[in-house]
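A.B. asks: Residue strings, one per chain:
2 protein chains.
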Amino acid sequence: MDNFQFYSPTEFIFGKDTESQCGAYVKKYGGTKVLVHYGSQSAVKSGLLGRVTASLEKEGIEYVMLGGVQPNPRDVLVYEGIELVRREKVDFIVAVGGGSVIDSAKGIAVGVPYAGDFWDMYEGKIPVQAALPVATVLTIAAAGSEGSPSSVVTKEDGMFKRGIGSDLIRPRFSILNPMLTCTLPAYQTACGATDIMAHVFERYFTNTKEVEITDRLCEAVLQTMVKETPRVIADPNNYDARANIMWAGMVAHNNIVGVGRSQDWNSHGLEHELSGLYDVAHGAGLAVMMPAWMEYVYHHDVMRFAQMAVRVFGLPMNFANPEDTAVQGIRAFREFLVKIGMPINFEQLGAKAEDIPVLVEKLGIGDGVREGFVNLDKAAVTRIYELAVEASL
Amino acid sequence: MDNFQFYSPTEFIFGKDTESQCGAYVKKYGGTKVLVHYGSQSAVKSGLLGRVTASLEKEGIEYVMLGGVQPNPRDVLVYEGIELVRREKVDFIVAVGGGSVIDSAKGIAVGVPYAGDFWDMYEGKIPVQAALPVATVLTIAAAGSEGSPSSVVTKEDGMFKRGIGSDLIRPRFSILNPMLTCTLPAYQTACGATDIMAHVFERYFTNTKEVEITDRLCEAVLQTMVKETPRVIADPNNYDARANIMWAGMVAHNNIVGVGRSQDWNSHGLEHELSGLYDVAHGAGLAVMMPAWMEYVYHHDVMRFAQMAVRVFGLPMNFANPEDTAVQGIRAFREFLVKIGMPINFEQLGAKAEDIPVLVEKLGIGDGVREGFVNLDKAAVTRIYELAVEASL
Numbered sequence: 053m054d055n056f057q058f059y060s061p062t063e064f065i066f067g068k069d070t071e072s073q074c075g076a077y078v079k080k081y082g083g084t085k086v087l088v089h090y091g092s093q094s095a096v097k098s099g100l101l102g103r104v105t106a107s108l109e110k111e112g113i114e115y116v117m118l119g120g121v122q123p124n125p126r127d128v129l130v131y132e133g134i135e136l137v138r139r140e141k142v143d144f145i146v147a148v149g150g151g152s153v154i155d156s157a158k159g160i161a162v163g164v165p166y167a168g169d170f171w172d173m174y175e176g177k178i179p180v181q182a183a184l185p186v187a188t189v190l191t192i193a194a195a196g197s198e199g200s201p202s203s204v205v206t207k208e209d210g211m212f213k214r215g216i217g218s219d220l221i222r223p224r225f226s227i228l229n230p231m232l233t234c235t236l237p238a239y240q241t242a243c244g245a246t247d248i249m250a251h252v253f254e255r256y257f258t259n260t261k262e263v264e265i266t267d268r269l270c271e272a273v274l275q276t277m278v279k280e281t282p283r284v285i286a287d288p289n290n291y292d293a294r295a296n297i298m299w300a301g302m303v304a305h306n307n308i309v310g311v312g313r314s315q316d317w318n319s320h321g322l323e324h325e326l327s328g329l330y331d332v333a334h335g336a337g338l339a340v341m342m343p344a345w346m347e348y349v350y351h352h353d354v355m356r357f358a359q360m361a362v363r364v365f366g367l368p369m370n371f372a373n374p375e376d377t378a379v380q381g382i383r384a385f386r387e388f389l390v391k392i393g394m395p396i397n398f399e400q401l402g403a404k405a406e407d408i409p410v411l412v413e414k415l416g417i418g419d420g421v422r423e424g425f426v427n428l429d430k431a432a433v434t435r436i437y438e439l440a441v442e443a444s445l
Numbered sequence: 053m054d055n056f057q058f059y060s061p062t063e064f065i066f067g068k069d070t071e072s073q074c075g076a077y078v079k080k081y082g083g084t085k086v087l088v089h090y091g092s093q094s095a096v097k098s099g100l101l102g103r104v105t106a107s108l109e110k111e112g113i114e115y116v117m118l119g120g121v122q123p124n125p126r127d128v129l130v131y132e133g134i135e136l137v138r139r140e141k142v143d144f145i146v147a148v149g150g151g152s153v154i155d156s157a158k159g160i161a162v163g164v165p166y167a168g169d170f171w172d173m174y175e176g177k178i179p180v181q182a183a184l185p186v187a188t189v190l191t192i193a194a195a196g197s198e199g200s201p202s203s204v205v206t207k208e209d210g211m212f213k214r215g216i217g218s219d220l221i222r223p224r225f226s227i228l229n230p231m232l233t234c235t236l237p238a239y240q241t242a243c244g245a246t247d248i249m250a251h252v253f254e255r256y257f258t259n260t261k262e263v264e265i266t267d268r269l270c271e272a273v274l275q276t277m278v279k280e281t282p283r284v285i286a287d288p289n290n291y292d293a294r295a296n297i298m299w300a301g302m303v304a305h306n307n308i309v310g311v312g313r314s315q316d317w318n319s320h321g322l323e324h325e326l327s328g329l330y331d332v333a334h335g336a337g338l339a340v341m342m343p344a345w346m347e348y349v350y351h352h353d354v355m356r357f358a359q360m361a362v363r364v365f366g367l368p369m370n371f372a373n374p375e376d377t378a379v380q381g382i383r384a385f386r387e388f389l390v391k392i393g394m395p396i397n398f399e400q401l402g403a404k405a406e407d408i409p410v411l412v413e414k415l416g417i418g419d420g421v422r423e424g425f426v427n428l429d430k431a432a433v434t435r436i437y438e439l440a441v442e443a444s445l
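Protein chains in written order, with my numbering: chain A, 53 to 445; chain B, 53 to 445.
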């Protein structure tokens, strides 16, 4: 196990009707004027935003609203938010929505105290040094942004998707009410579930030896997703299955399952270019890219993939031919994805094989490699995109 | 799943040589004058205390020392610590040691700002309302106090063991260096491992339905302990096994594996009277009481005990007779405890059957019950103590 630091200071308030406590928690964490940041009008129509703002009013807390966050949130709205927060002297941001809204809120939070262009931080030119406090009222189990130190934003000019990571943007508190996720369409639910599983897989495939505790914790989250996801697809109002998925989504990405081990975020990287170029759902892109990546790299550590097959998907170990077990495990993952309604290849996603050179170019690898479980050069990522084109059951 | 709140704000610094960062972290969290609280002279002799105080000096942070914490920490030293902290105007407490030292430090932390007798809080007469900041440099994987909101102290007059729970006493930071645990005798190591497993079992046996994510997380910790504990008993210097156990110990007790479900702390309660009366190691007491409790309650939910047998101890499911699987699971737990050198009955622990009425009396049940997975009246706890007398393989 490697040395590590772990810090997850977010206070989580989980369960039915918990959004009514938002105002009290803003007060507890010192907010006096709030930006309520949200996405589509559905949060207004459902009455959720009304319940959140009523809880602020109850505590005598002022607020301004900024809606319109799109999936794959854009830099344009972040700039607008920074302006608004400065003008209105807001000192606390509450994101009401899913990962996109939260990531947009985090972008605003780091942009406000920074004198330059917030995109400098997303491009890695300078580190995050300060941020306004952020909190969340989560409406979809997926990104894990409610407990994570990360944010991903897309620059509209060129559709470049880039991210930051800093403990400063871990939410002060996050309100998780699984009821709010019951109205999600099956497709979005499945996209979220895929994202959660990808967050674990990117930690699971490691070159660090002797990491039993985090291996087992990773498998715990994955086993839960394998059991609960088909249940909510079949019955969207299954509260308990929704609740298990929602908490699994946080556990998957606050890094408690990933400490002390090398991680590999190349699937996420390869997917970001896909959803950047086509503006497809991040989870759907991961359903296509994650198994393709697995197919390319599994030779590097056959026994780790066999472990996944046996422990996560419950397959029998083929002791005479562990590679067969590894391959069957990847196949079981694709079967699972198809079962929950996800695409598994370019065509089903709406991506085009002829764009592969563009995708590879945007990754900006040059003559180098993307480091990870297996280091990937240009030829390797090209092959992985090709495997994602060819994939079938 | 039940509604819940989860908050674990402690920053963890994990790995080799991390104690040298203690001073820098005290500074980060605003400490200017520190009480360094510790147990036996072994922390002095090993050079650990010297490294910790050197790191404080390096940051220009003043400190005073208070050693002498015993296993099952006593109220007497807590009173002395409160006096010392007030006199020396200490504003930060660093516990260097195991659960006993940390719990003693937490007692001092809540006692200092309270005008009355700190024992009022441990007796439940008044809630904790303020506390000095506490941090830890952990030397044994066991109590989970490095990340938990709890503290247990023993009142010397009558040997009453009582506890408090409050987010205010969650450590600001905890330094976990698995190397520090390599010198522990096998018996203490095994006691610690048993305590860790008990922390999980007390959350695992629940009446709440549909808690797949926390079930799986519980099992992840237990599976890790089943694998890693015999390895460190056989080879005390196995760093990786020590590291896995040390992180498992934190995960077992910061409540991430226990949220959203009813829990049952009766085994801990029954054990507290044992270790209070005989001053035996808490973990050894748990090795005797936990399986005895299981034997008494398993009829209440045979399938949950069968799940433990299959998922934690890898036993085959007896589909024709699930009760047999449940019983075999409890037996497997006892076999595991014997394998790591733990006692499993009163005689091996040094406790006496004729003291059972005294133990029962001290629990103070009266005509009521102790609530839990199964509610326990006086007759029930008497029977559990009897099962602990009779236990054998």
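Among these hints, one or two may not hold up.
Copies of the same chain look alike in the list, so a pair counts if it fits in one copy or across any two.
Derived BS3-like pairs (lysine-lysine); straight-line CA-CA distance at most 27 Å [as the list claims (entries may be wrong)]:
{"id": "1", "residue 1": "177", "residue 2": "80"}
{"id": "2", "residue 1": "110", "residue 2": "85"}
{"id": "3", "residue 1": "391", "residue 2": "261"}
{"id": "4", "residue 1": "85", "residue 2": "404"}
{"id": "5", "residue 1": "430", "residue 2": "391"}
For the record, the hints were derived by calculation from the structure and aren't laboratory data.
A.B. asks: Since the copies are identical, ignore which copy is meant and state whether residue 430 and residue 391 lie within 27 Å (CA to CA) inside a copy, between copies, both or neither.
C.D. replies: So residue 430 and residue 391 fail the 27 Å test inside a copy (32 Å) and across (53 Å) alike.
A.B. asks: Could you figure out if residue 85 and residue 404 sit no more than 27 Å apart (CA to CA) within one copy, between two copies, both or neither?
C.D. replies: neither (46 Å within a copy, 64 Å between copies)
A.B. asks: Treating 27 Å as the Cα threshold, decide for residue 391 and residue 261: within, between, both or neither.
C.D. replies: between (33 Å within a copy, 26 Å between copies)
A.B. asks: Could you figure out if residue 110 and residue 85 sit no more than 27 Å apart (CA to CA) within one copy, between two copies, both or neither?
C.D. replies: Answer is within; shortest intra-copy Cα gap is 13 Å, inter-copy 41 Å.
A.B. asks: Up to 27 Å between alpha-carbons, please classify residue 177 paired with residue 80: within, between, both or neither.
C.D. replies: between (34 Å within a copy, 25 Å between copies)
Figure legend: structure checked against the earlier numbered hints; hints not met, in rising order: 4 and 5.
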